[in-house]
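**Student:** Construct the complete structure from the given sequences, taking the supplied hints into account.
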Amino acid sequence: MSSSKINKVQISTKINGQDYDLLIPPYMSLLDTLREIVGLTGTKEGCLDGNCGACTVNVDGRIVDSCLVLGPEVNGKDVNTVEGMATPEGLHPLQQAFLEEAALQCGICTPGFLVSAKGLLDNEPSPSEERIRHWLAGNLCRCTGYDKIIKAVQKASK
Amino acid sequence: MVATFEPKKDYKVVGTRPIRHDGYDKVTGKAIYGADFKLPGLIWGAVARSPHAHANIISIDTSEAEKMDGVLAVITHKDMPKAESKMVDLGEGSVNFKWASEKLMANKKVIYKGHPVAAIAAIDRNIAEEAARKIIVKYEILESVTNVVDAMKENAPIILEDLIGDDLGEKVHDTNMSEHIRHDFGDVEKSMKDSDHTFEGEFNMEMVHQGYIEPHNATAVWNEDDQIKIWTSTQGAFPARTQIAGILQVNVSQVKVTPLEIGGGFGGKIPVYFEPIAAILSKKSGRPVKMVMERTAIFETTGPTPGGKIKIKLGVNNDMKINSAISEIWFEAGANPGGMIGPAAMCIYAPYNIENMRIDACDILVNKPKIAAYRAPGSPQVAFAMESLIDELCDNLDWNSLDFRMKNASKSGTRRGDGVRFSKIGLEEVLSAAKASNHWNSPLGNPLPGIKRGRGLATGYWFNIGLKSAANLAVNSDGTVILTEGSTDIGGSRASMAMHVAEVLGIDAHDVKPNIVDTDSIGFTDVTGGSRTTYATGYACWEAANNLVNELKKRASILWDVNSEEISFNDGVFSHNNEEKIISFKDLASKLGDLGGPATSTGSVDLSSAGDGFGMHIVDVDIDVETGKTDVIRYTAIQDVGTAIHPSYVEGQLQGGAVQGIGWALNEEYYMLNDGSMANSSFLDYRMPTSLDLPKIDTILVEVPNPLHPYGVRGVGEVPICPPIPAIANAIKNAIGVRLYDTPMNAGRIIDSLR
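Chains as they are written, first to last, in this note's numbering: chain A, 99 to 256; chain B, 2 to 756.
Hints are not guaranteed to be accurate.
Unchecked claim - Estimated spans, in silico, between C-beta atoms of each pair: (1) A/Ala-235 x B/Glu-329: 36 to 44 Å; (2) B/Pro-52 x A/Gly-137: 31 to 39 Å; (3) B/Gly-749 x A/Gly-115: 44 to 52 Å.
Simulated from the structure, these hints should not be mistaken for lab results. Where is the CB? At the ideal position from N, CA and C, for every residue including glycine.
**Tutor:** Here it is, written out as structure tokens:
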């Protein structure tokens, strides 16, 4: 059966402050909904089984692996991705700190780390190093050894 | 003749830390990685894979898949062009296109679990994957071998029937050993017999994966005029083009590879996997085809670095000098010949000046994925063996292991295990920096009850390759410069390339705009790998910038109506006759329209020379003797980096390499079951280090400039994965009094060793 014949579901959701009405297959993940339907490819696919954190997004204030969430589950919810972090005034302090501290090498894990770290700092503006390391343990980075990522998050903390 | 350079210290740009040029795109989600790329009419590809590690293919039935709505093409080995059996060098490792083709799509038999047997293109990814599950293959299951010892047994199943092994120059048939090489210097037998003390060790290591977070991917268009366009995440667009053209049996000029942003590689994204399959699916369907690999397949079918067995015997004299060294290296190749025994033999004794030495190294096929380069391929394994045995002998003879290493340290002119003599190296400076470091001079401190604490250190070596690179420059009227180059930026190299140009031209790093372009838009450039990019592509950028200065002198000579040879250039300013006439680079750039038109230049290098790199790591570990859990609590990486162009990214290389080594030492492995399948082929079960597992990684950059590069660059990326495994082994021994000879040194092994 082709996807055109599949009964699709309609969802209304807010993504980075913008309202969307989307028609998606019921089995489609939030990750694919963002990347393939909405066209926001800043959220990355790494493993599709919730173990690398590259696809991390924020749903109603909670950090989730978007590969493990179905698109229809965000009906009526508020989704925030890496694309929503910067404002017309400039980068989010975390983004700026990642650049200044050279906290990315290849950059594939960076969107997930930024969204995760923002989720922490939104609620705890001055976390300890241990707390940052614990919070970010669901995000894998294979390039940096985490050192400069931790330093960048500390720099963006108050 | 090879040019040599005097080190400088008064750089304006080199050694500073500008924000990387591609950084804004990468922190805002705008950067286009391979899987982010889209084309009009794009469809998806998927692969049907073998569930067996070794089996004859009796039949492949694709009819059910072909019947599915939305399926636009199905291919098997019958659709693969027949490639000739021939080895082609790709910079870090080489490839035989017949085997490379059969590795991507099984012909008569499957030789590793996950081996592709068919591929499907369909209107979406879901349908393509569903169709792949409807491919019906009948197999005759064969006995599989997944370790070097079994593979070398007399009646072992033969993996590649057309393999002709090379045993010290003799051809061998019906074998799993593709190659046996030997290096032999001095008189090892006599010197070993004459030594005051001898020590032997046998070390066994499991295969590990590079573990990049971004899946392999490819998008392909096969046009009606047989021009093939590929967009992919690759460490080298040109070597990818060579492989794709070889497997598809077309001319390289028919293939245009556009390198998109790449999410890690560490050597594992030098081989191609999906590119030729996507191209054939495109040809058959008439549509652009995109493929993205699932994580299980990444573990089961791509990447790994060899495990194997290493035996070393060392003879030492009472004067603390190594007198004799004999070693045997047996490396897993995977299901095709591997080629990492050469670098292993090169690296095994590299930190030591040894007169009498012999190395035998064998490359052995097993029913596992064909190995790929992984950060200093071959070196971490032999460093584990050599640096562990050095520590053991120092323990036994009550010698300070750092003093012992200093006493035997390689210097410029010392002969490596494969016979090559070092040019200017900085090992002694590294050892001195380690000895003077805060870490080495800090007390270990007291662990909590039930915890044993220990400290270890080890050295590591990589030779850092040169090879081919090209760079083009063009001046903008606003005084900025467009830099075009072909080296995939895998960790900030756009910045270091731009800094090479900016330093020569006396302008800001951000006034150079680096662009990484496709294979139709720049001269041949080898892989981003071998720690060659800053060295060789940087050299090409430097050369192009100097050529641009010469071109601009001609333009200034038109402006001033003087001879261009009388014009000098310093600090971004052109001058004539003791600064009677001066003009800045920027001002001259704005006048080029009236001075002969666009100013452009090129740089092109093929460097055989390289800057040998040495490092030493110091690690403190805490071991819970009840659970066997090891925590790394303090870590310092010290390395001769030549000259650090952008110190932040140099530190990042040391930190990242160290942590990959920590994962390899403590936890990572291909855990193989008896049927030849990998039991832990997910990130959850493979369990790479997370931020919570680690302390901060301190770095000490030692700068002994490499005279073979204009700014003294040595490659830096690979050395730091070599010392961690032995440094941790030595720290574990220091903590619990037991030495481990096998990796991973996980909790189970530690508990077993304490029983």
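**Student:** Now look at each hint and say whether the structure bears it out.
**Tutor:** To see whether the hints hold, each was checked on the structure:
Evaluation of the 36 to 44 Å hint for A/Ala-235 and B/Glu-329 yields a pass: the beta carbon distance comes to about 40 Å. The hinted range of 31 to 39 Å is satisfied by B/Pro-52 and A/Gly-137, whose Cβ atoms lie roughly 36 Å apart. Between B/Gly-749 and A/Gly-115 the beta carbons are some 50 Å apart, a value that agrees with the proposed interval 44 to 52 Å.
This entry satisfies every hint, going by the numbered hints stated previously.
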